[in-house]
Amino acid sequence: MKFAVLVFPGLTCDLDMYHAIEETVKQDVEYVWHTEADQLDSFDAVLLPTGTSYGNYLRPGALAKSSPACKQLQAFAESGKLVLGVGNGFHILVEAGILPGGFLRNQNLKFRSALEIVRVENNNTAFTKDYTQGQMLTLPVANEFGNYYADDQTVEKLKSNNQIVFTYGDENIDGSTEAIAGITNERGNVLGMMPLPERAVEAIIGGTDGTALFQSIMNSRGEQHVN
Amino acid sequence: MSINHEPTAEQIKENRLYLQMGMTDAEYERAVEKLGRIPNYVETGLFSAMWSEHCSYKSSKSVLRRFPTEGARVLQGPGEGAGIVDIGDNQAAVFKMESHNSPSAIEPFIGAATGAGGIIRDVFSMGARPVALVNSLRFGDLTEPRDRFLFEEAVAGIASYGNAMGIPTVAGEVQFDQCYSKRPLVNAMAVGLLNHEDIQKGVAAGIGNTVIYAGATTGRDGIHGATMSSSELSIEEEQELPVMQAGDPFIEKLLMEACLELVQSDALIGIQDMGAAGLTSSAAEMASKAGYGVELNLDLVPQREENMTAYEMMLSESQERMLIVVKKGREEEVIALFTKYGITAATIGHVTDDKMLRLLHKGEVAAEVSADLLAEDAPSYQKESKEPASFAKNQAIENKEPQVTNLKETLLDLLQRPTIASKEWVYNQFDTGARTNTVLAPGASAGVIRVRGTNKGIAMTADCNSRFIYLDPEVGGKIAVAEAARNLVCSGAEPIALTDCLNFGSPDKPEVFWQLEKSADGISEACRKLNAPVIGGNVSLSNEVNGVPIYPTPTIGLVGIVHDLGQVTTPGFKQAGDAIYLIGQTETEFGGSELQQMIEGKIFGKSPAIDLDIEATRQQQLLGAIQAGIIQSADDLSEGGFAVALCEGTFGSPGLGADVTVEGSAITALFSETQSRFLVTVQADQVAAFEEKVQDAVKIGTVTDGEEIVIKDAEGTVLVEGTVEEFQTAWKGAIACLLNSED
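Top to bottom, those sequences are chains A and B.
Numbers 0 to 226, taken from numbering that gives the first Met the number 0, label the letters of the first sequence in order.
Numbers 0 to 742, taken from numbering that gives the first Met the number 0, label the letters of the second sequence in order.
If we strip away everything but chain A, and leave its shape as in the complex, we get (with noise of 0.2 Å):
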């Protein structure tokens, strides 16, 4: 399986998202820089690493939307091919239109770095097979903009496909709708995060609670993602 870790200016923990595909499910992975993002046909997955995209100018995954890489990036998730976007990835996601909902501050108007724990909500996905529904997971957030917010039509929409993937477990810190912490699309082939699998892939930096996702990943190789 070959992943893309697609890099728009500004996603500074690319490399984290290189590692753990490296730790994990040692596959082959490349950096894609956004100017190149017209190879992505190439690749079997697409990742799209946390960090500060464009500065998080205008609001945070704005103005990698107008990029033409996005366009790329759209069509790359309606080919059906998986796309897993963690923190501004996410932000990125939801600003492209490929995943719905929005994002606010967090409530304490401030970053926020912490362990949270998270609920699987929905381990019949691509990307969570290898959990339990149900399972308490450990991850890492480290995020401004945490606080993810859908109407209530959104809402029973996400419910009624089963597109909540992941819940906080203990608190709902940052305020997100529904203690929402990561959402996929209708079809099921894009996860957007905002806890950090990709930082919890070994044990000497602060667990392993991630590494199920990744191998969640290469065991739905071959599937075809249709609801």
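Just so you know, these hints were derived from the structure itself, not from any lab.
Some clues are possibly wrong.
Each pair of labels, with its calculated beta carbon distance range [said to hold, decoys possible]:
| no. | chain 1 | residue 1 | chain 2 | residue 2 | range |
| --- | --- | --- | --- | --- | --- |
| 1 | B | Gly651 | A | Arg104 | 46 to 52 Å |
| 2 | B | Ser264 | A | Asn218 | 39 to 45 Å |
| 3 | A | Glu29 | B | Val364 | 50 to 56 Å |
| 4 | B | Ile206 | A | Ala113 | 27 to 33 Å |
| 5 | A | Leu108 | B | Gly546 | 33 to 39 Å |
| 6 | B | Ala735 | A | Glu21 | 36 to 42 Å |
| 7 | B | Arg451 | A | Thr34 | 26 to 32 Å |
| 8 | B | Asn739 | A | Thr34 | 44 to 50 Å |
No more than 30 Å apart at the CA atoms, straight line, and that leaves these computed lysine-lysine pairs for DSBU-like [as the list claims (entries may be wrong)]:
| no. | chain 1 | residue 1 | chain 2 | residue 2 |
| --- | --- | --- | --- | --- |
| 9 | A | Lys80 | B | Lys339 |
| 10 | B | Lys731 | A | Lys109 |
| 11 | A | Lys156 | A | Lys80 |
| 12 | B | Lys33 | B | Lys60 |
| 13 | B | Lys601 | A | Lys109 |
| 14 | B | Lys573 | B | Lys698 |
| 15 | B | Lys354 | B | Lys327 |
| 16 | A | Lys1 | B | Lys181 |
| 17 | B | Lys361 | B | Lys12 |
| 18 | B | Lys12 | B | Lys354 |
| 19 | A | Lys70 | B | Lys601 |
| 20 | A | Lys80 | A | Lys25 |
| 21 | B | Lys692 | B | Lys455 |
| 22 | B | Lys200 | B | Lys339 |
| 23 | A | Lys109 | B | Lys181 |
| 24 | B | Lys57 | B | Lys200 |
| 25 | A | Lys25 | B | Lys455 |
| 26 | B | Lys601 | B | Lys407 |
Covered by chain A, per the in silico footprint, the following chain B stretches (three or more residues, Cβ under 8 Å) [as the list claims (entries may be wrong)]:
| no. | stretch |
| --- | --- |
| 27 | 149-159 |
| 28 | 431-438 |
Every residue, glycine too, gets a C-beta built ideally from N, C-alpha and C.
With chain A held as given, fit chain B onto it using these hints.
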């Protein structure tokens, strides 16, 4: 055209306009004499910036020479952007600490953010990838709204820059004292890694080679920042301060990636950050260091604003800019490299053989001064030094215990002192895990990051107890280094080298200069005994508000090696049944202690004593025991003394408590701040091996599974008894509570 309104050389001389730029009469005369003519407006600006304390260390040079700067591991000592030490396997650690105190006193968010940005540039300008950040902060005691504002904004500012750069903040310290009220200290340290062959220097060498400007455009921000930061801040002056330079970490991230790619190219000759005094200092220093000259055409400098004068361009401190010298003929590929990252780069000049810094602007020579004269020939002052009357007075005071009636209440009060309380409110705002190498994050004794591809780690810490230095600068200087080293040793690291930030009051006050000299002596002696040379640093003088200096605060940033990541140790207790040991005798030493400040509202008397031979022996023995794998947890005893350290051992270790018996007077045993002491826990079956290795260790109790803390005296009388939860609640929420208080 504003250039026409600039005063002539004659007017500057006649009306002594150089005084406004921070130059004294004697300095101006020195410049005239060395130059052989009277300098024009631009040239006077160049002299004033390059001969400021910030750039020339004219008042502190004599003191800085006292520091030991050599050692087997030192690859680059003081003088470049950052120091470099060998860490084995052809790799090196690059680091430096720098102050951004004056800007942070005025615009705390921007000031602190640009402080972080500047030190990161210093590290990548050496060719190193910045891998970790550390900070050391000082504020008033948070009782005043202005100090709460400065604290909140400065922390957010540092966080905003480091987080957006994707560089984890892994260690730091914050202390609070009214001596820093309205005059905070913001000291930021960056640590980078590189392979030996990638070491770069800021040199402009090779006649005809090309000078390239890369990074953000030049605006009118921060003009004369170097001069401003070398002067005292009076409250009235705030209205007339120059426009502060603002930072943009987004640009810096792209600039960093481009520069680190450029380092791999053989087109590169030299590279330097445009820090304090911007284009002036980088051009003059690069030429002077290389023994060449530089000619710049200022019309080619990328400019943010219209009609900028030569003076403004040369003295701007716009952020995120680098000056680069590349081989002639390779300009296009270098500019293309920057363009790929969306960074502006332009050829602005070339290297000459005449050792002059020559500036062309609009077809005329705007300035022409010897680069050495600017960079090397600043005056050097041997300032007057005088022991303050308070020193002898304090030395004459007998050591005495403060009056304490309720030991438990006192302990709870101490745990809520902002200097002692949990700093979670601060470090939760820092991205501590970016780059996925953080083994120990803030909250431990030191930060540790692993060196990928090896089983080694780099440990780092910042420390300085300025109260001890105020009472006795020489002893306090020793303590600052020793305590930083204790932090590293307790984490399982061997200290290897340090950087310092000398934050003091005005050097024109003989008493302040005496503090500077004495503390440098103390630091130097501790560096020699503990085998950690000084490889770089920074001086920040004139930290005063309305004529009152801060406590002398020479912050120490210490770096060490963890030889095997399996040896990384934390302060938290590990399992019930482990033996608790106290290493080191406790004396009645309360001068400058947190308890004294809390009860008396001031500090007085003698600083705790320190014997560096005992310190070194204990550190070696403890590190040996940690490396032998017979220690469960380790912590040094610092502010608040033994009782605070004991409580901290139980925090973060759910289900555990402690039952200990202390000797001697209870107040001393619990709260004295005697130096060179450690609290460690050892598994029951390792007790004999431990006692053999560590001589001054006394078993005082046991880790229990009750979530209770019990401290008894030798007769079995209970001195303190309480649940871990009540102590932890007091400690954990104190800072947030202080910030939410109204007045």
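Verification of the supplied hints:
1. For Gly651(B) and Arg104(A), the Cβ-Cβ distance of about 29 Å falls outside the hinted range of 46 to 52 Å, so the restraint is violated.
2. For Ser264(B) and Asn218(A), the Cβ-Cβ distance of about 43 Å falls inside the hinted range of 39 to 45 Å, so the restraint holds.
3. The hint said 50 to 56 Å for the Cβ distance between Glu29(A) and Val364(B), and at roughly 51 Å that hint holds.
4. Look at Ile206(B) against Ala113(A): about 56 Å separates their beta carbons, and that is not inside 27 to 33 Å.
5. A C-beta distance of roughly 37 Å is found between Leu108(A) and Gly546(B), which places it inside the suggested range of 33 to 39 Å.
6. Separated by about 39 Å at the C-beta atoms, Ala735(B) and Glu21(A) satisfy the suggested range of 36 to 42 Å.
7. Distance hint for Arg451(B) and Thr34(A): a CB-CB separation of about 28 Å, consistent with the stated range 26 to 32 Å.
8. Asn739(B) and Thr34(A) have their C-beta atoms about 47 Å apart, which keeps the hinted 44 to 50 Å range intact.
9. Using a Cα cut-off of 30 Å, the hinted pair Lys80(A) and Lys339(B) holds, with the two alpha carbons roughly 29 Å apart.
10. Of the pairs offered as hints, the one joining Lys731(B) and Lys109(A) holds, with about 18 Å between alpha carbons and a cut-off of 30 Å not exceeded.
11. For the hint linking Lys156(A) to Lys80(A), the alpha-carbon distance of about 22 Å falls within 30 Å, and the restraint holds.
12. Taking the CA atoms of Lys33(B) and Lys60(B), the gap is near 21 Å; set against the 30 Å cutoff, the hint holds.
13. A distance of roughly 34 Å separates the Cα atoms of Lys601(B) and Lys109(A); the hinted pair therefore is violated under the 30 Å criterion.
14. This hinted pair checks out: Lys573(B) and Lys698(B) have alpha carbons roughly 17 Å apart, not beyond 30 Å.
15. Simply put, Lys354(B) and Lys327(B) have alpha-carbon atoms about 18 Å apart, close enough for the 30 Å limit, and the pair holds.
16. At most 30 Å may separate the alpha-carbon atoms for a hinted pair to count; Lys1(A) and Lys181(B) exceed this at roughly 55 Å.
17. Of the supplied pair hints, the one linking Lys361(B) and Lys12(B) holds, its CA atoms being roughly 25 Å apart against a limit of 30 Å.
18. Annotation: proposed proximity of Lys12(B) to Lys354(B) holds, straight-line Cα distance about 26 Å (limit 30 Å).
19. With a CA separation close to 64 Å, the supplied pair Lys70(A) and Lys601(B) exceeds the 30 Å bound.
20. The suggested pairing of Lys80(A) with Lys25(A) holds, with an alpha-carbon distance near 19 Å, which does not exceed 30 Å.
21. In summary, the hint linking Lys692(B) to Lys455(B) is supported, as the alpha carbons are separated by about 24 Å, within the 30 Å threshold.
22. Distance hint between Lys200(B) and Lys339(B) is fulfilled; the C-alpha atoms sit about 24 Å from each other, no more than 30 Å.
23. Distance restraint check for Lys109(A) and Lys181(B): the Cα-Cα separation of roughly 23 Å lies within the 30 Å cut-off, and the hinted pair is therefore satisfied.
24. Taken as a hint, the Lys57(B) and Lys200(B) pair is honoured in the structure, with Cα atoms around 23 Å apart against an allowance of 30 Å.
25. Distance hint between Lys25(A) and Lys455(B) is fulfilled; the C-alpha atoms sit about 23 Å from each other, no more than 30 Å.
26. Proximity of Lys601(B) to Lys407(B) is assessed by CA-CA distance (about 22 Å); at most 30 Å being required, the pair is judged to hold.
27. Counting residues of the stretch 149-159 of chain B whose C-beta lies closer than 8 Å to any C-beta of chain A gives 3; at least three are required, and the coverage claim holds.
28. Residues of the stretch 431-438 of chain B with a Cβ under 8 Å from some Cβ of chain A number 8, which satisfies the need for three, so the listed coverage holds.
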